[in-house]
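Colleague: For reference, the chains in residue letters:
There are 2 protein chains.
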Amino acid sequence: MNYVPPLADNRYILLDVLDAPAQLRPALGAEAADPELMDPVLEEAARFVGGVVAPLRAVGDQPGCRYEDGRVTTPPGFRQAYQAFREAGWPALACAPEDGGQGLPWVLEGVLFEWLNAANHGWTMAPALLHGAYECLRHHGSPELKAAYLPQLASGEWLATMALTEPHAGSDLGLARTRAVPQADGSFRVSGTKIFISGGEHDLTDNIVHLVLGRLPDAPSGPKGLSLFLVPKLLPDGRRNGAHCDRIEEKMGLHGSPTCVMRFDEALGWIVGGPGRGLAAMFVMMNSARLHVALQGVGLLDAALQLARGYAAERRQMRVPGPRDGSQPADFIEGHPAIRRILDTQQAWVDAGRVLAYQTGIELDLARSHPDAARREAAQHWCSLLTPVLKAAWTDQGFHGASDCLQVFGGHGYVREWGIEQIVRDSRIAMIYEGTNEIQAIDLLLRKVLPDGGAALGAVLLRLARDLEGDSHAPLLTAIDRLQAATGRLAQAAAAAPQVPYWIAGDYLRATALVLMGWAWSRLASQPAAGDERWRRPAEAFRRWIRPELDMRLGMLETAS
Amino acid sequence: MNYVPPLADNRYILLDVLDAPAQLRPALGAEAADPELMDPVLEEAARFVGGVVAPLRAVGDQPGCRYEDGRVTTPPGFRQAYQAFREAGWPALACAPEDGGQGLPWVLEGVLFEWLNAANHGWTMAPALLHGAYECLRHHGSPELKAAYLPQLASGEWLATMALTEPHAGSDLGLARTRAVPQADGSFRVSGTKIFISGGEHDLTDNIVHLVLGRLPDAPSGPKGLSLFLVPKLLPDGRRNGAHCDRIEEKMGLHGSPTCVMRFDEALGWIVGGPGRGLAAMFVMMNSARLHVALQGVGLLDAALQLARGYAAERRQMRVPGPRDGSQPADFIEGHPAIRRILDTQQAWVDAGRVLAYQTGIELDLARSHPDAARREAAQHWCSLLTPVLKAAWTDQGFHGASDCLQVFGGHGYVREWGIEQIVRDSRIAMIYEGTNEIQAIDLLLRKVLPDGGAALGAVLLRLARDLEGDSHAPLLTAIDRLQAATGRLAQAAAAAPQVPYWIAGDYLRATALVLMGWAWSRLASQPAAGDERWRRPAEAFRRWIRPELDMRLGMLETAS
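Line by line, the protein sequences are chains A and B.
When you line the first sequence up against the UniProt record's numbering, it's residues 1 to 561, in that order.
When you line the second sequence up against the UniProt record's numbering, it's residues 1 to 561, in that order.
Source of the hints: derived by calculation from the structure; they are not laboratory data.
Each hint should be verified, as a subset may be incorrect.
[Said to hold, decoys possible] Below, a list of computed lysine to any residue pairs in the SDA-like style, where the Cα atoms sit at most 25 Å apart:
| no. | chain 1 | residue 1 | chain 2 | residue 2 |
| --- | --- | --- | --- | --- |
| 1 | B | Lys448 | A | Met318 |
| 2 | A | Lys448 | B | Met318 |
| 3 | B | Lys224 | A | Arg324 |
| 4 | B | Lys224 | A | Met318 |
| 5 | B | Lys224 | A | Asp325 |
| 6 | B | Lys224 | A | Arg319 |
| 7 | B | Lys224 | A | Trp545 |
| 8 | A | Lys448 | B | Arg319 |
| 9 | A | Lys224 | B | Asp551 |
| 10 | A | Lys224 | A | His168 |
| 11 | A | Lys224 | B | Pro323 |
| 12 | A | Lys448 | B | Leu235 |
| 13 | A | Lys224 | B | Gly322 |
| 14 | A | Lys448 | B | Ser327 |
| 15 | A | Lys224 | B | Met318 |
| 16 | A | Lys224 | B | Gln328 |
| 17 | B | Lys448 | B | Asp551 |
| 18 | A | Lys224 | B | Arg316 |
| 19 | A | Lys448 | B | Gly322 |
| 20 | A | Lys448 | B | Asp532 |
| 21 | A | Lys224 | B | Ser327 |
| 22 | B | Lys448 | A | Arg319 |
| 23 | A | Lys448 | B | Trp545 |
| 24 | B | Lys448 | A | Ala338 |
| 25 | B | Lys448 | A | Gly335 |
| 26 | B | Lys224 | A | His168 |
| 27 | A | Lys224 | B | Lys448 |
| 28 | B | Lys224 | A | Gly411 |
| 29 | B | Lys448 | A | Arg324 |
| 30 | A | Lys224 | B | Pro329 |
| 31 | B | Lys448 | A | Ser327 |
| 32 | A | Lys224 | B | Arg319 |
| 33 | A | Lys448 | B | Gly335 |
| 34 | A | Lys448 | B | Arg309 |
| 35 | B | Lys448 | A | Trp545 |
Hey, can you work out the whole structure from these sequences and the hints?
Modeller: If you want it as structure tokens, here you go:
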């Protein structure tokens, strides 16, 4: 059973619930934010993902990628699908028109990548890195470097990597040792070993553009000594550069994406951004990249849910309490309360995840292009605060919810042929990469909330609370008050006991996620269609099975502070 | 890094905390319950598991088992390890002396299998089924059948299977269609397809004894029409019987155990128990088998914890809040609060799981052999009520806690060479087999608690409460009261709305598990060693990070009823 993008659901949230065109118009102009333009893009994207990318999910797992003598062969069909993707112009969707892009809103790219990840996580890893590399180069590259590389990245003619991690430097990039020695002509010779490089070597494109974090000979130790270098696989004159793939990892899942050990051996490179500005150059794309990963969580959960729903609608076992199908010896398990609860609960996460991630995608564009400086700043705060929450909470649910969906299959879920266990294995990595979920929690509480005493988060919560009027929202408004009060007390407690916020950062992130989810469901509840079974069931699942955790987390924060 | 049985921990809980010998003496006599006897058995078992079985975990995953032309080849070394296991007499540990067994308490076998599963889940699947088949045959087999098969099962010379599931009959065994036609000599010809048969075919022993659930020609439909048949791979005269392995499943994990599709083609078999008594014959061993699976959860979690602890003690990344190692650029991650929380939380589950599972193992022997009928009945209730709770809650934690341990490794956790992702994949099956965890919850609430209005559970809770005196236990005593009150209200609510208990059976099981865990930690807290860092840290993790869920679940039960 191949994944089918649920176009109507995505469209409903993007256009009806959030009215993305109205929100984006002041920033992007009437043309880029035209619903008459968005609709056909979404329809075409759904067709491409369902028709071309989804059927390759199983071969992505087995045989997966193969390594031999420095070369990586991607699974059968992957290269053709990528060429079709490129020829249809999908990489250029949100790139600037002057670089050959289509200049469409980020959020449309977000929907496209949600679907691509749901359909085929492994395949999608390759193009998913393109946009970040493009943004990084666009903002920090020299004019010569931009002229030589931006158009090929916007068009997807060449793919890109982020070469950051080293064997001893993972969450702590400041420990990286890769060296870059300046040459007389302004270029650099880059040497060092990078691990966990997604798409470090493959056969999808001829050239691969590596963005490599390294250190100049006279650089200080720690993160401030890091610079970023563009190191192409093929040099401008067509020769091979000294960028070698020594191995691909054997992993729990994601076998469709080669995870490479890359050895840079006096490879020729050019600096992106100034010396010591490597992390700053990368952080340009951090929010966008982490939001992509949050949408992987949403997409993979939706894919797991589709499989589980399909199985539950065709498998008969035992009797359902209540009305029975007397003509058969057993009822469909979709009617069993324990199964219903699993399905409705995942739907509640998927729907709220879309509301929050799409709104954040809209804010990404507003932060960049809104004419009002105050609105830009508010959008910037929204993105900065919500991105780690969405990344951690929805990749967590992507894995755990997919495992819950596996449970719907009973023993069949543990067997490969049903496809669900692949999603569980694939989705596990999203809790780790782009900053582990523990790092996201520390980023939220220690770097973004406590330093200003919770002021920026308070402004976001106030914005949420303004949408919540009437008695039915009283519990959520109370929760917002409690979260604010706990934030203040934590800021005080941290002064005396600096370990405290580190201990409970994960609870703080969960509480914030559940407040946001409550807001998302209140937005959904305000729609005319809220009473339909499609929306009523997950709304009830949120209220019954998910929301109780919010009180628990708030209680833990209050006890700790 | 191979698993090392933590002998001192297990011994401490079995002998110091629970004083198993004193509890067992009235039932088994001074000799079988002699601590002087138990200690060397535990020591020898720890040596065997660590030295012989643990080193084969990785080959169990890759290459795993291979299938060709009806034959299954187990991974290199598996057969030799099994022969060593058999020759050392381990299968016979808790079998009756008259069958060639050693007649030791069940709980010793429990500890042995906790270690075996932790060391090598796949390998352990083969001997894990032996004892259940032995008990089933011992209680329900004819004298001739017992004479022909019991000694070989007790000694482990032959291995056994439970052939229950069919493609359309999983959780609902009443749908099984396998047919058994009586022959003139009192034997039967058994025909049908069984799936998910662990160890249905292998090269560990020459003969394999299948216990097959089937239906006589005139049997009624549904579970009451099921009978149990002993069908050997090799007939008494040495010829092959009509029991064929058509395929082994490709699974998410547990590749060291062949999961077979078995085709019985007019296979010769003999009935075990009377016609229509198939499920009754099997249910003899249900508590024991499910308790084994609960101990898989405990063991696999402990194995994951050993790996994560080892990694966290050697990996330096970033600075720990508080004291730092200035001679190095970063501190060991074991000092990071988020990592510490993961490790201590898993330890809290492992320790409490041991207390509860070992006590339940003791009760299994008391239920069978205590001279006092009232004590036997109380033990029977304890086993009946606690077994589904331990099976569901600790296999759930086995998987989710192993995944948390994987998180400690960051990206390295996702890579095969570290071994942690194998434990995550292997452990997932325990949430499904021996009755899915959803079925366990229904078994607890719908079949065991509500029918007597919560009386039997009330007696168990009263027994727990008697151990809890003093102010420090007030929250747990309050929780016990709330659970009792919620039970009464659920019984009433169920009369009007029969779906309600099905919806919240999972919450009910979790609340019960957390009450039991609270009791276990109060037992541990009453020991002289409770203040040592080894026991203080997980105790604190239980109180801070685990216990809050209890209030949440109780609140959900109260809202629902």
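Colleague: For each hint, tell me whether it holds in the structure or not.
Modeller: Do the hints match the structure? See the list:
1. Our distance criterion of 25 Å between C-alpha atoms is met by Lys448 (chain B) and Met318 (chain A), whose separation comes to about 18 Å.
2. Restraint check for Lys448 (chain A) and Met318 (chain B): the C-alpha separation of about 18 Å stays at or below 25 Å, so the hint holds.
3. Taking the CA atoms of Lys224 (chain B) and Arg324 (chain A), the gap is near 20 Å; set against the 25 Å cutoff, the hint holds.
4. Between Lys224 (chain B) and Met318 (chain A), the direct Cα distance comes to roughly 14 Å. Compliance with the 25 Å bound is thereby established for this hinted pair.
5. The suggested pairing of Lys224 (chain B) with Asp325 (chain A) holds, with an alpha-carbon distance near 21 Å, which does not exceed 25 Å.
6. A threshold of 25 Å between alpha carbons decides the hint, and for Lys224 (chain B) with Arg319 (chain A) the separation of about 16 Å falls inside it, so the pair holds.
7. Proposed proximity of Lys224 (chain B) and Trp545 (chain A) is contradicted: the alpha carbons are some 36 Å apart, above 25 Å.
8. About 18 Å separates the Cα atoms of Lys448 (chain A) and Arg319 (chain B), which keeps this hinted pair within 25 Å; it holds.
9. Taken as a hint, the Lys224 (chain A) and Asp551 (chain B) pair is broken in the structure, with Cα atoms around 46 Å apart against an allowance of 25 Å.
10. A hinted pair counts as satisfied when its Cα atoms are at most 25 Å apart, and Lys224 (chain A) with His168 (chain A) qualifies at roughly 18 Å.
11. Distance hint between Lys224 (chain A) and Pro323 (chain B) is fulfilled; the C-alpha atoms sit about 23 Å from each other, no more than 25 Å.
12. A C-alpha spacing of about 72 Å is found between Lys448 (chain A) and Leu235 (chain B), which places the hinted pair above 25 Å, so the restraint is violated.
13. At roughly 23 Å between alpha-carbon atoms, Lys224 (chain A) and Gly322 (chain B) fall within 25 Å of each other, so this suggested pair holds.
14. For the hint linking Lys448 (chain A) to Ser327 (chain B), the alpha-carbon distance of about 30 Å lies beyond 25 Å, and the restraint is violated.
15. Straight-line distance between C-alpha atoms of Lys224 (chain A) and Met318 (chain B) comes to about 14 Å, which keeps the hinted pair within the 25 Å bound.
16. Pair hint Lys224 (chain A) plus Gln328 (chain B) holds up; C-alpha atoms about 18 Å apart against a cutoff of 25 Å.
17. Between Lys448 (chain B) and Asp551 (chain B) the alpha-carbon distance is near 23 Å, which keeps this suggested pair within the 25 Å criterion.
18. Taking the CA atoms of Lys224 (chain A) and Arg316 (chain B), the gap is near 19 Å; set against the 25 Å cutoff, the hint holds.
19. This hinted pair checks out: Lys448 (chain A) and Gly322 (chain B) have alpha carbons roughly 20 Å apart, not beyond 25 Å.
20. Between Lys448 (chain A) and Asp532 (chain B) the CA atoms are separated by roughly 37 Å; this puts the pair beyond 25 Å, and the hint is violated.
21. For the suggested pair Lys224 (chain A) and Ser327 (chain B), the alpha carbons sit about 20 Å apart, so the restraint of at most 25 Å is met.
22. This hinted pair checks out: Lys448 (chain B) and Arg319 (chain A) have alpha carbons roughly 18 Å apart, not beyond 25 Å.
23. For the given pair, Lys448 (chain A) sits about 24 Å from Trp545 (chain B) by alpha-carbon distance, which is consistent with the 25 Å threshold.
24. The straight-line distance between the Cα atoms of Lys448 (chain B) and Ala338 (chain A) is roughly 18 Å, inside the 25 Å bound, and the hint therefore holds.
25. Restraint check for Lys448 (chain B) and Gly335 (chain A): satisfied, since their Cα atoms lie roughly 23 Å apart, inside the 25 Å limit.
26. The hinted pair formed by Lys224 (chain B) and His168 (chain A) fails the criterion: a straight-line CA distance of about 62 Å is larger than 25 Å.
27. For the proposed pair Lys224 (chain A) and Lys448 (chain B), the alpha carbon gap of about 63 Å is over 25 Å, so the pair is violated.
28. A hinted pair counts as satisfied when its Cα atoms are at most 25 Å apart, and Lys224 (chain B) with Gly411 (chain A) qualifies at roughly 24 Å.
29. Proximity of Lys448 (chain B) to Arg324 (chain A) is assessed by CA-CA distance (about 24 Å); at most 25 Å being required, the pair is judged to hold.
30. Of the pairs offered as hints, the one joining Lys224 (chain A) and Pro329 (chain B) holds, with about 14 Å between alpha carbons and a cut-off of 25 Å not exceeded.
31. Our distance criterion of 25 Å between C-alpha atoms is broken by Lys448 (chain B) and Ser327 (chain A), whose separation comes to about 30 Å.
32. Restraint check: the Cα-Cα separation between Lys224 (chain A) and Arg319 (chain B) comes to about 16 Å, which is no more than 25 Å; the hinted pair holds.
33. Under the criterion of a C-alpha separation no larger than 25 Å, the hint pairing Lys448 (chain A) with Gly335 (chain B) is consistent with the structure, at around 23 Å.
34. Our distance criterion of 25 Å between C-alpha atoms is broken by Lys448 (chain A) and Arg309 (chain B), whose separation comes to about 30 Å.
35. The hinted pair formed by Lys448 (chain B) and Trp545 (chain A) meets the criterion: a straight-line CA distance of about 24 Å does not exceed 25 Å.
In this structure, the earlier hints numbered 7, 9, 12, 14, 20, 26, 27, 31, 34 are contradicted, and the remaining ones agree with it.
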